Structure formats: C-alpha cells, structure tokens
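Q: With chain F fixed as given, assemble chain C onto it according to the hints.
Going down the list, the protein sequences come from chains F and C. Mapping to this note's numbering: the first sequence position 286 is 286, numbers consecutive. Mapping to this note's numbering: the second sequence position 169 is 169, numbers consecutive.
Calculated directly from the structure, the hints in this document are not laboratory data. Note that this is a predicted model, so its numbers are computed, not measured. Where is the CB? At the ideal position from N, CA and C, for every residue including glycine. Any given hint might turn out to be false.
[Claimed, not checked] Cross-link-like lysine-lysine pairs, in silico, BS3-like; alpha carbons within 30 Å at most: (1) K7(C) <-> K237(C); (2) K83(F) <-> K193(F); (3) K10(F) <-> K33(C); (4) K208(C) <-> K428(C); (5) K429(C) <-> K181(C); (6) K63(F) <-> K193(F); (7) K299(F) <-> K265(F); (8) K281(C) <-> K331(F); (9) K317(F) <-> K85(C); (10) K339(C) <-> K317(F); (11) K350(C) <-> K317(F); (12) K119(F) <-> K21(C); (13) K211(F) <-> K243(F); (14) K21(C) <-> K317(F); (15) K317(F) <-> K79(C); (16) K303(C) <-> K425(C); (17) K331(F) <-> K7(C); (18) K119(F) <-> K303(C); (19) K119(F) <-> K181(C); (20) K155(F) <-> K289(F).
[To be verified] What the simulated footprint calls covered on chain C by chain F, stretch by stretch (three residues with Cβ under 8 Å from a Cβ of chain F suffice, anywhere in the stretch; the number is not a length): (21) 20-31; (22) 37-51; (23) 76-90.
This is what each chain is made of:
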Amino acid sequence: MQSGLIDSLKGIVGAEHVLTSQEDLLCYSYDATPGFSHMPEAVVMPGTADEVAKVLAAANEAKIPVYPRGSGTNLSAGTVPLKGGIVLLMTRMNKIVEIDTANLIAVAEPGVVVGDLNKAVEEFGLIYPPDPGTVATATLGGTVSENAGGLRGLKYGVSKHYVMGLEVVLADGRILNTGGKTVKDVAGYDLTKLFTGSEGTLGVITKITVKLMPAPEARRSMLATFAKLDDAGQAIAAIIAAKIIPATLEIMDNATVRTVEDYAKVGLPTDVEAVLLIEVDGIAEVVEKDSAKVVEVLKANNAAEIRVAQDAAERDKIWAARRAALPALAKLRPTTFVEDATVPRSKVPDMIRAVNEIAARHAVTIGTFGHAGDGNLHPTIVCDIRDDAEMDRVYKAMDEIFAVSLQLGGTLSGEHGIGVGKLRYMESQFGPAGMAAMRAIKKALDPNCILNPGKLVGECL
Amino acid sequence: MSDDNKKLLAELEDALANCMKCGNCMEVCPIYKEFKTESTVARGKIALMEAVLSGQSEITAGFDQRMAMCVSCKACTAKCPCGVKADELIIKGREAIVKTRGLHPIKKAAFALLKARPLFDFGLRMAGVFGPLAFKKLPGRLATVARFPMPGLDRKRIMAPIASTPLRSQVPEVVKVDNPKLRVAFFTGCTINYIYTDVGQAVLNVLKENDVEVTLPALQHCCAVPVHISGDIELAKVFAKHNIETFERYNPDYIVAACGSCTMAWKKDYPEMFADDPEMKARAEKLAARTYEISQFLVDVVKFRRDNLGEVKAKVTMHDPCHMARGIAVTAQPREVLKAIPGLEFVEMKEPARCCGAGGSFSLAHYDVARTINDRKLADIASTGADTVATGCGMCRMHITDGLVQSGRNEQVFHTVQLLDRAYKAGKKDEPKKAKDEFHFH
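One chain only, chain F, in its complex shape:
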C-alpha cells in the first residue's frame, strides 16, 4: 500500500488509530476459523460514520480492499484479509445510541458487544433475542453482518428478524439509511434485509436499529436421554406437533455425550444415542402447562430418563452439559472446525446418521450437537491442521457433509455465514442463476470490488 494512502488514512481517523507495525498486522491476519490467514497492510479504527465514509472513499479511489471487522469471532473466515489491504476495525464505534421503550427499539453502533446491549436493555425488562455462543464478545455489527443465530433460534429466529433499520456506508463513501422504527414498513426493496447477512461485501454498517422483546417471565429446562436416535427425532417432531415452540431445543449425539461426560462429569449416561435439552419460556402458567406436555411427549417417544429442573441451580446443571459440548470436543485435538449445516427439523436424525457415516468412512473425529428444533446442527470436526494427510480426509468429509445437508433440503449455513470457508459449495445451493443475481447486486453496489473481496459470492470482477 502506498505511504500516501496511509498518510491520508491517518489524516482521517488520527495517526493513533492506524496500525501498520508487523506485530499488529499479524494480529489481524486471522479470525476464529482455522486454516485461513493473511496479513493486511493496515488496520484502521474509525470513530464515526463520517470517518468510515472518508476511509471507504479513499480506498475505493485507490482500489484497495477493505474488510470490516468486529471482534473477529467469525467461523467462516469472513473477516480474514485474504487480499491484503485495510482491516476496518469497528470496535471504537461502541455506543448504545438509544433505548426506546415506547417502541421497543434500541439503536446502537456496530462495535457494541451483544451481551452489553442485553445488559443495558435488561433493566427495562427487555431482551435482544439473537444469542450466538460468542454473545459475550461478538459485536452487534458483526452478528448483524453475519446474520448470526443462537440457542434461542427455534422460537426467536436469527439476527435478520430483529434488524429494523441500518445506516450503511457504501463502497464509494456515500451514506444511506434503510428502514426505521416502524413495525409496518413495506416501502421499496428490503434493503435492511439485503445488508443484514451481507458479510461486509455490500457496505459497512455504521448504525443499527433493532427490535427488542419483552423478557420471558418464567422458563423451565428439561433434559431427556434416548437409547435410539430415531426416538429423539420423533420426540422433536412431536413437541412441535403438540403446538409447543420451545425457546431452545438442543441435541447432542453419542460422540458428543461421551466427550462431554469424560470432560465435565455432568452425570450423563454414555451409552445413549442422543440427549435432548429443552427450555420453554413465557408466562408462568403457560410454561407450567407446556413443560408438562413436553414431558408427556418425551415419555411417549421412549425417553429413557427425563430430568426437569426445579430451580436455577438444576437449570444451570442441565445447561452446563450443553455448554461443555464445544469445549469438550475442542480439547480433544488442536484444531476445531465448527460447522453449521442446517436441515429441515424432520431430517435431523438422517443428518446425524449421515455425519457419523462420513466420519467413519474418512476416519475423522466428528461430534455433532446443535439446535435440533430449528434443524441447525454443528458437526464439529476435531483434527490437527499440521497433519496434511489428516487434513485431506477432513476436507473431503466436510464436502460430503454440506452435500448431504443440501440433498436433505437444507442450507449451507444456519448462523455462521459463508465467508470463504463455504464459498465452494454456494453454487450447489443457489445454481448459476442465483449466483449471477447475487454477483450482479455486489457489482452494482461495489463496482471496484473493494469490500471484503472474494467472500460470499466469490470473485466478481
């Protein structure tokens, strides 16, 4: 990058907010996705939308790539600066602008940590429902850009269901606003949804208006073990068929259960094919009624053991098992790929069986857990990225997992996004016409392809 551009970047955001030392650049060469790393040429930390606009205008003029980044907890390499250029670090823009309790709306800058937003609205008896596993570190801008989901997805959906409006800086530095505080807004193309989940390829989000929900007044958690995977699958379908939408309905397969038990000793039987964890929330009377019904359904579907939490301590114990799933698997080997292949919920047992079969055939270690209620599974591959032979098998297994997920009528990503990690499967899901449409949008909004180039829709020049 030319030193003239570095100087003008320093002029825009202040010299102390431009990092160019080798040590700092190394620190922005990765995100939480294994296997991708590349150094940027500068890290720029803007403090206002106006500064973002000026940085983008300068970069667009010089045709230098720009990668917007929050906390970098991505699981699809979405923020890795694979073509050099500028990492646009949004963590300085971290103000909660407004909490509007009359309209149940919050307005915040992209660098706000999602957990901090939730703490701020909690005192008004409200929640911002999207709750990715990294809720305590991930930024709102990052989660909106990746359309992140979370444990409560079954009942509450993903980020796009809560974004009401955005302030976005386009590639050439122009600023536009979409949506607003009105619940009913049918004017024009839905640009809010277009930028939500666009993974930083269409514009840089500088302000976000989100919908808040009343915090549930009560909740009850349950855990059930199943000797047969199919019974667990039937139970999932039967709970929904009984017109109960739990906030959370999670599954852990046998490999995960054994690993969790070995690691955290939470008292799970290790010979079961699946464990379901369920939480219903809402008004106390409804929670009471729904949880009784859930227990009935579980019994009717041959659950071996059912635990219903009677107090907060027992609830914590149940969720400790689920929380331990990823760390327990991750501890087995140095490298961990957490995938998020998603299928219609009725296909969850088929998907788990397919993943197990793929793991056995390629001799790789995969534990599967995830959000069974919304079909969003996390086949988690543990391996050692320094072992080339093993990695060959891992990548083959990964290809097959995504192929199966599409065959079952599913999608490549339930909550992590595409980035570059899953780019090679995109055409299988969208077909040539679908990809051409997406690339046309990309080219229209970012003709020089400076925004997160090569991600989500691939090369578009």
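A: Leaving out everything else, chain C in the frame of chain F:
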C-alpha cells in the same frame, strides 16, 4: 532466533496450537477492555508467539512491548474453553524476550538490587529512614506522594510509605504464645515486611489470639513472583531455592503468607519451576502442601475463635486479588472471616475478582492504563456504598488507595485480617463491660 529460544518456544508449540482463536478471552481481559485491539488480548499474543515460532516474525522490540501489556490477572486462562494456559504462555514469551533482548532497563536495575538480599534489605531500610525526605505523607491515610520526580514513578502517584522499621525488625524471630496449638512460619513477603507492617502486626495478633506460635525466618527473601512474571526465570529460581532452603531449616507445621501472590508462589510456582529437577521439585511440593493464605489458614485449619470478637462498625466490600481468586482459588475464606465480625455489614461488589490494574510492576511501566482499569474498580466500589474495602494483597491495596485518594474519595482499604484484628481488640475493650453484665445477671 537463538537455538535456546527455538527450543523454549518449540516446547510450547502444542500448547499454542490448542488456542482455537475463539476470542472468549476478550470478554474478561481488563487491558483489552480499554484498547479493544488484538495484541492487547491473549488470543493476539498467542498468535504473535506462533508467528515467531513459524519464522514469520522475530522477537522484536514491538513483540516485547506487546507481551508487556498483560497484568497477569489469569482471567483469560480461567475463561478459556480449551484450557489454554495463556497466562503461563505469555510468561514463556517474556522468558524468550529476556533471553534474546534482556530485561527492560528499569526492571534490570530493580532486579539487580533484589538479587542481593542483604543489599535489598539495606536499601529498603534506608528508604524507610530517609523516605520522608522524598515522600510527603498524606494525613489520615497510609499513603504518601513523591516530593520530586523519580524515575519509573508517575508524579501524581500515591504510594504507601516505606516503614521506618521493617516488620521483621519490629518483632523477635519467634513470637511465642502461652499454650501453642500450632507452630507456623510466616512468609512476610516484601510488601508486608517493608511497607504494610500494619498487616504483619495484624497477622501476628490474630494468630496469637488463636494460640499459634509464629516464626518469621530472618533470611527469607522476595517470593519471586515479580521477576518470574517478567520472564527472568533463572533469577526466580534462585529466589525460590533460597526460600525453600531457608524455611526447611525451621521445619514448620505450616507456612502462612498474607498475600495472594506470595502464597501462589509457594503453592504453585515453586513446584512448577523445578519441573526438570526432581529433588528440588519434591522439596518444593512438600512445603507447598503446608502453605496457606492467612484467611484460608484461619478458616480451614485453625477454625479461628469467634466467641471473643467485638463489634466493628463498618460497611465493607471485598476486592479479590487476581492471584487469590484465580491463582490459589481462595475467595470464600476471606468472606467467612468478614461475615464472622459482629457489627460489620458486608456488601458484595458486582465484579469483585476483576483486576484493579495494579499487576505488580505492570503499574510502574504502564501507569496510565493501570489507572484506567482502576477507575472501573473504583466505580464498582462506589456502587456498593461501602466505606471500607477489604483485600488480600498489598499491591492492590496501594493501587486502589491511589485511585481513591486521587478521586477525592474517603473509603479506606485494609487487608481482611486487619479487620479481624480490630474485632479481637474490640472484644477486649468489651470484656469489662461483659463481665459486669454477667455479674449483674447473676
């Protein structure tokens, strides 16, 4: 990179590879919270060490600066879902720096003084005698401020005065009691011996109340934590060996320390330092098993007397030092001590175990950051409405006092054991009254 360093870092390769870069450490790192840049948090530092190991980068001045930006609070390690011991890895990174680039000049001078125990002792005694010439005392506080600029010391900074007579010169080597139940050796640490002798006196008093005979081995030396976390492992081992040999000669039932870091040194660091030396390791482990932090000793071993405690009228909140909360996992016992004191109202702050920013010598090198971190602690204290802060570390006490004084606030900071001492003393004042009451009753 030198062969030595290659070997040192190669040993770490697997440990570094276990970091899956999830970034969970960002939630708890007090320095990351201020800067919000990768190199300030464990994940970034681990990435930098990996870069050095892979030959992508060198051990540069920039590497050194970034490794220095860590308060060693262990919060990242406690949080890590994969069990990566980032705190220890960062110390290893610093060890590689010391081997390649040497110590920071200020630390080098300070450690050179530390190295020679008698000279260190002499220096601090002289500082105690001549300190008032250099430091102005602040009324009503155990606090002073520098009269003129000094190297490595921020001009505004509030320090505690160096004692005119160190603790170990104020009392005999063996403090006897009439009917000793137990014999302990007291590892005073530098802060208590040379600065906060009031804490040392309180330790002696409460142990006496509980019929414990206390020996203060005269030749004990610094616990080695400051040199260890700076990466000077060789010097740290010299201190550790000296302390182990010194205390072995007394063969005490227990070793007691009144500082989280000193206790951690004995219980965890010493055995680990001699991982390659089975004989020294065994000796270190034998003493580690007998070592207790004072509140832990009072609650778990002595089951301290509660029948003769008088009232202490105070609203108290507790700051858990990093090395107490995460180093030795002692947080319940100091609370039990406080809750046993009649009249004392205990109120918990929101994040009692969040680092106060002192970080030992970290606050010398990065005073402004240390103070910013401290501001969050001060706000947390203020929200409790407490008039007193109890803690188990002299450095925390000094740093929090500094923040409070500079913000014009009146809360007092004490070691937990000082409040217990006060309760025993109050109990004695009550005695004649009690006796009278009893007489009256009969």
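Q: Identify every previously stated hint that the structure contradicts and give their numbers, smallest first.
A: Violated hints: 18, 19; rest satisfied.
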